[in-house]
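Student: Full structure from sequences and hints, please.
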Amino acid sequence: MTKPAPVYVLGGAQTDFSRNWSKEGKHFVAMMREATLGALEAARIEPREVETAHVGNFAAELYTKQGHIGAFFLEVDPAFSGLPTSRHEAACASGSIALIAASAEIEAARYELACVVGVEQMKTVDSTTGGDILGTAAWYEREAKGIEFPFPKLFGRLGDEYDKRYGLRDEHLAHISAVNYSNAKRNPNAQTRNWFMSESHAQRESKFNQVIGGRIKISDCSQVTDGSVAIFLASEKFAGVWAKRNGKTLADIPRILGWGHHTAPLEFDTKVAESRDNAYVLPHTRQAILDAFKRAGIASAAELSGIETHDCFTTSEYMAIDHFGITKPGESWKAVEEGVIELGGRLPINPSGGLIGAGHPVGATGVRQMLDCHRQITGSAGDYQVEGAKKFAMLNIGGSGTTSCVFIVGK
Amino acid sequence: MADNNKVVIIGANGTMGAGAGCVFAGAEYKVTLLARSCEKAALGFADAQNYARAEAIAERLSVGAYDADLEREVGGAAIVFESLAEDLPLKRQFFELIDNSRRPDTIVASGSSGLSIAEMARGRSDSFRRNFLGLHLFNPPQVIVGAEVIPGPDTDPAVVKSVIAMLTKRLGRKVIVTKDMPAFVGNRVGFKVLNETAQLAAEHGVAFIDYLIGPHTGRAMAPLATVDLVGWDVHKAIVNNVHANCEDEAHESFAMPGYMNAALHKGCMGDKTPERGGFYRRAGKQVFVLDPKTGGHESYQKPAPIEFVEKMKRLHHVGRYAEALKVLAEARGADADICRRVVLGYVSYALNRVGEVAASTADVDTIMSYGFNWAPPTAIVDLLGAKETVAMLQELKLTVPASVELAASRGTKMFPGGILEYGRTFVG
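Going down the list, the sequences are from chains A and B.
If you're matching positions, the first sequence starts at 1 in my numbering and goes up one per residue.
If you're matching positions, the second sequence starts at 412 in my numbering and goes up one per residue.
Read the hints as simulated data drawn from the structure, not as lab findings.
Misleading hints may appear alongside valid ones.
Said to hold, decoys possible - Here are the simulated lysine-lysine pairs, PhoX-like style, with alpha carbons at most 20 Å apart: (1) B:Lys704 to B:Lys724; (2) B:Lys696 to B:Lys647; (3) B:Lys713 to B:Lys724; (4) A:Lys23 to B:Lys724; (5) B:Lys722 to A:Lys23.
Keep in mind it's a predicted model, so treat the numbers as computed, not measured.
Tutor: Put into structure tokens, the structure is as follows:
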């Protein structure tokens, strides 16, 4: 097979994830407008230069009773009228699927410049209804119907599976939570940047930190977030022109070095049964990581400067640590104890604060992770910059480990 | 040496004291909450836990009483934050006690929302005056991140620098430095508008004014509801202070309306007196609204929709803020004239404070945006167009700020950020 054409990442912008757009009296199109207009300005791109748009969104039909989300891209600027647009859905991995679709179009030389937008407005409903809507990311009828907050329970069971196979101490999960909250304090767009958190708060069940599913407490959970993120992917031809007019060379611009994408059976029990004899609890996630490594030409996670991973719950970050090969399977706790994952550690995970600290607008999360990879590689991550970052990875997961998408970004 | 991680809060049983305690403890300071008695300080302790939504904050908090504990606690503190009532003699009395107990390098900050920092420091030791400044946090401090730093005449610039660094890096604040003038920048500009709307309510009614100059004009909350939230006693203290001590183009806007003084006399202080209410009073699900003409509360009636207001709200709803402001600019009729006068009056008054109490237009933007959750004045100018803004100001016979005139003549943008920075301040 011939090597695909390179895909460059030109930058973008995101909304402040602490905002509540329902309280602001706004439709999600306002969010898309702000993110995309902000991205055009940040990346110094003219609207007329955009040739195609891909929108990642999980459940606007349920949260806002609105479908056909791709078409809303045209509301951003009159120059977008007539553009080919589409909407992509794979639960919490919707943003990454939009990125994969856009990058495939660039690789196939169909278009030179694509805009990828992730958007989710979640605060339109109360927490119980929201939990039920999120249940549609599992096999709803079998795993979520009639269950209050099904997803914390499913990811609690991921922790239980680790416990059964290798042993798992909740204090390591609490530390993962505290690290994400601490990193989020450095991120000006993070939802929890002004919230109180301490390791001892995360350790204990209390009035303000109740158990909501199995071993999962509130402090183990990502947030209910309204947010939108927009980013531009470009061909070598466009990136070359763009680099020149911005006083840069192609070598200065980050590109997608590798990607991986696998889907596991939807039901959690089937996943676990399938991986019974495997050292990895979620082998399809592991394979997506290995595919991305291979495409990027890197041998292991040791070549990465950092990772933005899917910590919808602390158990999913715990899983990511050994699945990236940072430790042997089942030994993620060692990286937690040794401070490997902290800012300043050997391989920082979620310098942005991740989904727990920065927030998790479901359909926008993958695009936010890509934007943070871009920020790290271009040295523009401000107070959460990983010094001298060269290669950054992201792992975005939909459902209970069902859809796994990995990208590696670097120069 | 003082423990460089220890903060003492004086007046910790009040909303601002407990909120400040929550903010400092959240930034991993060890905080002592002091009040008249340990029981009163314990109220602040419970409030701080609720604000933080974490019992574990208790590990960083302790309580004490002035008589038994002030001398010892202040003696070990890196920072003393005063959050007493807005009563200058009371504050001065405490600063004398603090002056006698503090270490030479202890920083002392007053949380006053507008009293003279110089007056507070007068008569204190050299070391106290070098390490003393105003640190105005906005209510509620665990939510609102704007902060004003007000150096006194003798404050060491290095102290100002270190306090700004602490506020921005550790406390996550958006900070401006202001001159030591009544109400500083945020409250001077904000309460000019709030009191102006209270004056307008005397003629047009409370519900109507809150609707006409509501969140669609670039604010998180309607203005008179904001006064209820702040408290009428606080409102009176601020506007009276500015009215008595500042002579400027909006002097009369600071005259507290007679009906407010009368209601305040009867104990109406807004949300803090729920039984008496303020502009609004709630009884279960029923809402009553003050009639400024009679001084009584009537059942709330939703004002009849006004076309240009509804149009603006619809445009904000879909994120078209510039188009919404164009609707305001082009609307005709008496209602639109009132609304424009308040909004453009805000822009004019705010930007005219540059060079007087504020150092720059960016500082005015920062404090109105992050202290009040109001649209930054220069963003309003950009959205209306600088030339158009000048024309509107002239038509309304409002002072044209030099910065707006310059932007109009050069055709330059005034607001340094973009839509992502001001979008949240327009509500649909």
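Student: All hints are to be evaluated individually against the structure, with a verdict given for each.
Tutor: Status of each hint after checking the structure:
no.	hint	verdict
1	B:Lys704 to B:Lys724	violated, 30 Å
2	B:Lys696 to B:Lys647	violated, 29 Å
3	B:Lys713 to B:Lys724	holds, 16 Å
4	A:Lys23 to B:Lys724	holds, 13 Å
5	B:Lys722 to A:Lys23	holds, 18 Å
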